[in-house]
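K.L.:
Single-letter residue listing:
Protein chains: 2
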Amino acid sequence: MTISQKEFALSCPLPIRNYPTVTLAHGGGGTLMHELIEKMFRAAFGSSDLDCAHDSTVFLPPADARLAFTTDSYVVSPVVFSGGDIGSLAVNGTVNDLAMAGAKPLYLSAGFILEEGLPMDLLWRIVLSMKAAADQAGVKIITGDTKVVDKGKADQIFINTAGVGTLLHQQNISPSSVAVGDQIIVSGDIGRHGMAIMAQRENLEFESNIESDCAPVADLVGQLLDAGLMLHCLRDLTRGGMASTLNEIAMAAKKGIQLVERLIPVREDVKGACELLGFDPLYVACEGRFVAFVPKECAQDALRVMRQHVLGASAAVIGEVVSPPTPCVTMESLIGVKRIVDMISGEQLPRIC
Amino acid sequence: MTISQKEFALSCPLPIRNYPTVTLAHGGGGTLMHELIEKMFRAAFGSSDLDCAHDSTVFLPPADARLAFTTDSYVVSPVVFSGGDIGSLAVNGTVNDLAMAGAKPLYLSAGFILEEGLPMDLLWRIVLSMKAAADQAGVKIITGDTKVVDKGKADQIFINTAGVGTLLHQQNISPSSVAVGDQIIVSGDIGRHGMAIMAQRENLEFESNIESDCAPVADLVGQLLDAGLMLHCLRDLTRGGMASTLNEIAMAAKKGIQLVERLIPVREDVKGACELLGFDPLYVACEGRFVAFVPKECAQDALRVMRQHVLGASAAVIGEVVSPPTPCVTMESLIGVKRIVDMISGEQLPRIC
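Same order as they appear, the protein sequences are chains A and B.
Going left to right, the first sequence walks through residues 233 to 585 as this note's numbering numbers them.
Going left to right, the second sequence walks through residues 233 to 585 as this note's numbering numbers them.
Mixed in with the good hints there might be a few duds.
Repeated chains share a single entry, so a pair holds when one copy, or any two copies, can fit it.
As the list claims (entries may be wrong) - Below, computed lysine-lysine pairings styled on DSS-like, alpha-carbon distance capped at 25 Å:
#1 Lys271 to Lys486
#2 Lys238 to Lys363
#3 Lys385 to Lys238
#4 Lys487 to Lys271
#5 Lys570 to Lys503
#6 Lys271 to Lys238
I should point out that these hints are in silico values taken from the structure, not numbers from a laboratory.
Predicted, not measured: the structure shown is a model, and the values here were computed from it.
All chains should be built: construct the whole structure from the sequences, respecting the hints.
P.N.:
What follows is the structure, given as structure tokens:
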């Protein structure tokens with residue numbers, strides 16, 4: 233932000249100086265809650281032509297379209313990090329879950345759980361960040377809810393978003409479509425979101441500042457579909473990282489997955505930070521990266537489409553689907569040794585999203 | 233529950249004895265999280281014929297139907313109370329928000345935020361309660377998310393549900409349809425949910441046990457619509473109680489609302505508990521009650537339909553819409569005095585839902 237803290241607070245229609253922090257009454261169903269909803273949430277989100285003043289918001293879906301429905305809660309700590317905050321994460325994360333079904337995101341809901349004492353200007357910052365992310369993704373936040381819990385019973389702010397999108401294709405984009413020979417393309421370098429959070433949390437200063445990759449990939453997926461490309465499966469690389477995601481798909485598809493380590497894009501500063509902290513980039517979460525499983529004959533076209541998009545500039549083929557002895561993920565390492573890449577068993581980075 | 237605690241725990245496909253409490257790893261995106269999802273959430277909810285194994289779940293909406301979309305987070309404390317728990321509340325509350333648009337609920341999402349250390353058998357109890365409530369309401373839980381936060385950063389369990397429903401009518405059920413002369417019908421006695429929570433929280437023993445009114449009213453609303461009755465506005469009486477709800481509608485509709493106190497159904501034990509604790513039943517939340525604004529000529533028919541339904545047996549006309557000097561709610565008290573009924577300003581009962 234280039235404007236001062238005072239100017240920023242003044243940009244909020246809610247008189248923040250009167251209520252510098254969130255109180256229990258802001259969730260009580262009375263005048264304070266209505267003021268918060270009208271002068272903060274509706275002021276930021278309410279440019280929709282739909283009637284949102286009701287318990288539900290009514291919309292007419294596109295004719296004959298299949299719809300996708302998804303939800304995620306966000307509990308990331310800290311709530312503001314390099315390259316984003318819990319607000320942009322809550323929008324992009326759910327937009328990306330819709331995109332992974334090949335859906336164009338239409339509408340989001342936003343459910344806030346606020347801890348008593350949350351600074352009101354921090355809430356305003358997060359709300360503006362949600363609005364900016366929603367605009368970027370071409371999605372509207374049309375319904376919401378606010379709860380406040382007593383101090384010490386939450387951690388600043390938790391946000392749930394649910395999303396509805398429309399499928400503009402007739403493909404079955406799902407692990408069940410994955411076939412032997414499919415090429416696996418990753419949309420960009422991995423591990424930045426997780427390392428950005430870790431750096432912030434541990435107050436570490438790396439030589440270069442690692443920014444989260446948090447971004448909406450629905451437009452990029454839309455371009456793959458518009459190009460008429462066959463997509464067997466899409467999956468974003470969030471909790472558990474690429475390793476866990478690919479294991480999920482291998483098990484669901486009952487196929488083997490073979491990766492080549494030197495083909496997997498990881499930025500040098502991310503590699504360095506991972507080494508320093510003892511993480512394996514394969515297990516570190518991204519919030520704006522995905523893998524696409526595409527038939528071999530489509531792979532080069534898909535790669536070209538992805539690389540023309542700002543969010544796919546460093547896309548790369550990283551492996552392929554093989555006939556399984558058992559469904560698992562293997563990787564040819566830099567020194568040419570083949571090893572099994574397991575799903576994460578426990579918890580490497582709690583509260584990453 | 234009539235079965236023993238041990239038998240109950242054994243009813244869960246997840247081996248609860250191995251993981252008696254929720255750990256951070258249950259939200260880590262790895263094998264433990266997958267086991268929790270497969271053997272608890274999918275075991276309970278996953279009878280759907282939709283492909284729910286993906287980031288999003290895909291469904292085909294009814295042809296040409298308008299859809300309603302809503303969300304609520306639930307943070308009620310305590311999580312188990314007389315007449316329900318946070319699970320049944322999370323299903324019924326969102327089902328009711330859809331019903332208030334005159335929508336037939338179709339699908340719910342479920343987003344869990346779990347505190348590290350939550351007893352696993354309590355989670356199983358809540359999940360089963362959600363399943364039972366969903367079955368009763370005729371709605372399917374088709375997508376979900378699980379996050380775990382470190383001990384002390386949440387309060388046992390928070391649940392968000394978002395809902396999608398379909399409008400089977402062409403009416404505009406909204407405060408903007410409210411007209412002078414409309415009769416206001418309440419679907420039953422008020423204040424039981426709030427007093428049930430209070431009793432549990434304060435460890436009070438009233439002479440008779442007050443059970444929450446928590447229930448899904450979508451079927452009752454469906455019967456009003458099936459009877460061809462004109463409904464101007466519907467609103468459930470949650471946070472802030474009847475007084476705050478009616479003030480919201482009066483302001484949105486720019487009309488006056490006139491109530492008659494002696495017509496408002498309040499159970500004697502609820503009245504007594506309210507007096508004891510210093511609450512006004514008009515401000516106490518319900519979770520299975522709503523008000524309907526109907527044209528005068530439909531009022532008796534609406535009342536008859538409601539009284540035939542188990543959830544509307546004590547329905548009553550409690551007032552009417554009048555030409556406003558200013559949009560506000562007034563009430564003729566038991567002793568014949570007319571007074572203004574304000575919206576609640578602060579917070580009477582935190583974490584009631």
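K.L.:
One pair to classify: Lys238 and Lys363, alpha carbons no more than 25 Å apart. Within, between, both, or neither?
P.N.:
within (21 Å within a copy, 49 Å between copies)
K.L.:
Under a CA distance limit of 25 Å, which applies to Lys271 and Lys238: within one copy, between copies, both, or neither?
P.N.:
within (18 Å within a copy, 51 Å between copies)
K.L.:
Indicate which option fits the pair Lys487, Lys271 if close means a Cα-Cα distance not exceeding 25 Å: within, between, both or neither.
P.N.:
Only across copies: Lys487 and Lys271 sit 23 Å apart there, 52 Å inside one copy, limit 25 Å.
K.L.:
Could you figure out if Lys570 and Lys503 sit no more than 25 Å apart (CA to CA) within one copy, between two copies, both or neither?
P.N.:
within (21 Å within a copy, 73 Å between copies)
K.L.:
One pair to classify: Lys271 and Lys486, alpha carbons no more than 25 Å apart. Within, between, both, or neither?
P.N.:
Only across copies: Lys271 and Lys486 sit 19 Å apart there, 51 Å inside one copy, limit 25 Å.
K.L.:
Between Lys385 and Lys238, at a C-alpha cutoff of 25 Å, which is it: within one copy, between copies, both, or neither?
P.N.:
neither (29 Å within a copy, 30 Å between copies)
Against the hints set out earlier in the document, a violation occurs for number 3 only.
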